[in-house]
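Engineer: Sequence:
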Amino acid sequence: MALSVISPNIPSNSHSPPLHKHHKHHAYLLNLLAKSTSLSQLKQIQAHTLRTTCPNFPDTLFLNTRIFHVSSLHDLDYTFHLFSQFQNPNSFVWNTLIRACANNEGKKEEVFGLYKSMLCDGSVMPDKYTFPIVLKACAYLFSIFEGRQLHCHVWKLGFGLDGYVNNSLIHFYGSCGCLDEAQSVFREMRERSVVSWNVIIDVLVRMGGFDEAVKLFREMKMVFEPDGYGMQSMISACAGLKSLALGMWCHCYVLRKFSSEVGESILLNNALVDMYCKCGAVDIATQVFERMKKRDIHSWNSMILGFAMHGKAEAALECFDCLVEEEELVPNSITFTGVLAACNHRGLVVEGRRYFDIMVNEYNIQPVLEHYGSLVDLLGRAGHIDEALDIIANMPMKPDVVIWRSILDACSKKNGGLELSEEVARQIFESERVDCSGAYVLLSRVYAVANRWNEVGLIRNWMTNKGVKKEPGCSSIEMYGISHEFFAGDTSHSSTKEIYKLLDVIDKRLETIGYVPDVSQAPMIDEEELVDGKRHSLRLHSERLAIAYGLLNLPPGVPIRVFKNLRVCNDCHNVTKLISKIYNVDIIVRDRTRFHHFRNGSCSCMDYW
DNA sequence: GTAGGGTTAG
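So for the first sequence, our numbering puts the first residue at 310; every next one is plus one.
You may find that some hints are simply not true.
[Stated by the list, open to error] Think about it this way: if two alpha-carbon atoms lie no more than 35 Å apart in a straight line, the pair counts; the simulated DSBU-like pairs of lysine-lysine are:
1) LYS465 - LYS352
2) LYS530 - LYS416
3) LYS566 - LYS551
4) LYS416 - LYS465
5) LYS344 - LYS445
6) LYS445 - LYS566
7) LYS530 - LYS465
8) LYS775 - LYS817
9) LYS722 - LYS810
10) LYS352 - LYS551
11) LYS806 - LYS778
12) LYS344 - LYS465
13) LYS779 - LYS551
14) LYS437 - LYS333
15) LYS886 - LYS810
16) LYS344 - LYS330
Treat the hints as calculated values from the structure; they're not laboratory data.
Sequences and hints are given; from them, build the entire structure.
Structural biologist: See the structure below:
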């Protein structure tokens, strides 16, 4: 039954008010609709409409469409009910229904089906408003097949030049990881709005193309004034690039351009907190965080994770307590990733076990692999290898390579458990993963610690024969906005001569204060280095080169910030501590998982690393 | 005359 004839008591045309009164009444109802805030209010207006308007007037149809639209903002079931009353829903009505589903958690799967029904309906065609809605749902569901079909329809139906549709296509392809398609849609657009730029830049940032994102941002700046969205992506790019200088520039830009809004924007501030944490400036991150007027769970998570990364376990746990006590927010899975990481990075075994328990029993959060990984790593490093193995055995999912590597790592640190190490290494090699170079390196380290140099050589041969490529150690240091990269044993930098000269000096000074290098930690550059030049190869760690470059070029008092792609090894940890003492300089090294703050011979991370 | 595009974290 059509909505317009739902009530049998509707006055017939002959009883309708004169036309001018009719218009007035219509405007009155529209005004009521605009002010309605709930479904019950809407239903009252609807009842009133049914009683007082003429069913077949175009104006009444329009009013019903408006009612339908408002209902779609409140209640999906009722919206479906109303939809069934339309005899010939137009594209506006279809779009409203599809959007209502798309905005409803758990109903997104039905969006493409509805789109198909719309096509099959025959009497109506999708319009330029339809595609952004459906594409967004496809982006959310990673429905690459459906999205591509939509792309074809867009061109067939003549919306290929619409800006909104194209922005949605870029976002869809980007979300599905199809960078090439996203870029080609962007390139072929006739008229790009600031949103087009924002979307493509955001896609690049999300896929790790930080340099490319910065490049595009600079291009965009020549045409458009960046808005909050664009700046947010840029700040994330800075976090990815670990470029504190550029990050601070973004912060300044944001403060200058839209100072009043910055305090209000949770998203922008969250990006800033995250960026400062990742760039090693946890103190600035704290300031931004504390000045925020409103915080959501992401803000807290970023801060907790930031503290954890910087080895500030106490601050992280304090932060967690604040979150629980003072705010109405509920910790989520990521929160506990941060909390467990904090415990892990400081070797807080008791706390780690406790928080894991709180997560599962108080918050009913199903632990994921990362939570287990953190706990296993924590226990393993503290020497509770049996307990760690126990947890692995009782996990509901298969352990991944990362977890086995934690165990292997623990075995190599604890100097022993050769059989266990071999068993674990076998597990890693047999797992389906291609990237097990880390396991080879660790196993060889286990043998090196045990002075089994034959096996060390054997593993090197395996690696060569099987074509296993070890990810080369790489460290970078930013100086006056320019990033300098060093690989282990690198001699390609223009200051190589000075760097190695300084390293010789450092070696001598270390020797005089009784430092004994740990041969097993030497970077594996080639076999001769490892076996013959044991002593020599130790100074070839990539971060040692970057630190030396920093010592040579930075003014006194300025902390040296180094980023490393792999983990900081034990030996480097010790040496860097000594360097920070000898040269009275703060050194901040960020490796794969955390920041190490070195000052006056000690480090914020645990000594037992 | 009715509506529309982009949300982080490990």
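Engineer: If a hint holds in the structure, say so; if it doesn't, say that too.
Structural biologist: Structure-based check of each hint:
For the given pair, LYS465 sits about 40 Å from LYS352 by alpha-carbon distance, which is inconsistent with the 35 Å threshold. Between LYS530 and LYS416 the alpha-carbon distance is near 39 Å, which puts this suggested pair outside the 35 Å criterion. For the hint pairing LYS566 with LYS551, the CA-to-CA distance comes to about 23 Å; that is within 35 Å, so the pair holds. For the hint linking LYS416 to LYS465, the alpha-carbon distance of about 27 Å falls within 35 Å, and the restraint holds.
Only pairs whose Cα atoms come within 35 Å are accepted, and LYS344 paired with LYS445 is accepted, the gap being roughly 29 Å. Distance check on the hinted pair: LYS445 and LYS566 sit about 30 Å apart at the alpha-carbon level, within 35 Å; holds. Among the hinted pairs, LYS530 with LYS465 is consistent with the structure: their alpha-carbon atoms are about 34 Å apart, no more than 35 Å. At roughly 39 Å between alpha-carbon atoms, LYS775 and LYS817 are farther apart than 35 Å, so this suggested pair is violated.
For the suggested pair LYS722 and LYS810, the alpha carbons sit about 32 Å apart, so the restraint of at most 35 Å is met. With a C-alpha separation of about 54 Å, the suggested pair LYS352 and LYS551 falls outside the 35 Å cut-off, and the hint is violated. Taking the CA atoms of LYS806 and LYS778, the gap is about 28 Å. The hint holds against a cut of 35 Å. With a C-alpha separation of about 40 Å, the suggested pair LYS344 and LYS465 falls outside the 35 Å cut-off, and the hint is violated.
Between LYS779 and LYS551 the CA atoms are separated by roughly 24 Å; this keeps the pair inside 35 Å, and the hint holds. Simply put, LYS437 and LYS333 have alpha-carbon atoms about 32 Å apart, close enough for the 35 Å limit, and the pair holds. In summary, the hint linking LYS886 to LYS810 is supported, as the alpha carbons are separated by about 20 Å, within the 35 Å threshold. Straight-line distance between C-alpha atoms of LYS344 and LYS330 comes to about 21 Å, which keeps the hinted pair within the 35 Å bound.
Against the hints set out earlier in the document, violations occur for numbers 1, 2, 8, 10 and 12.
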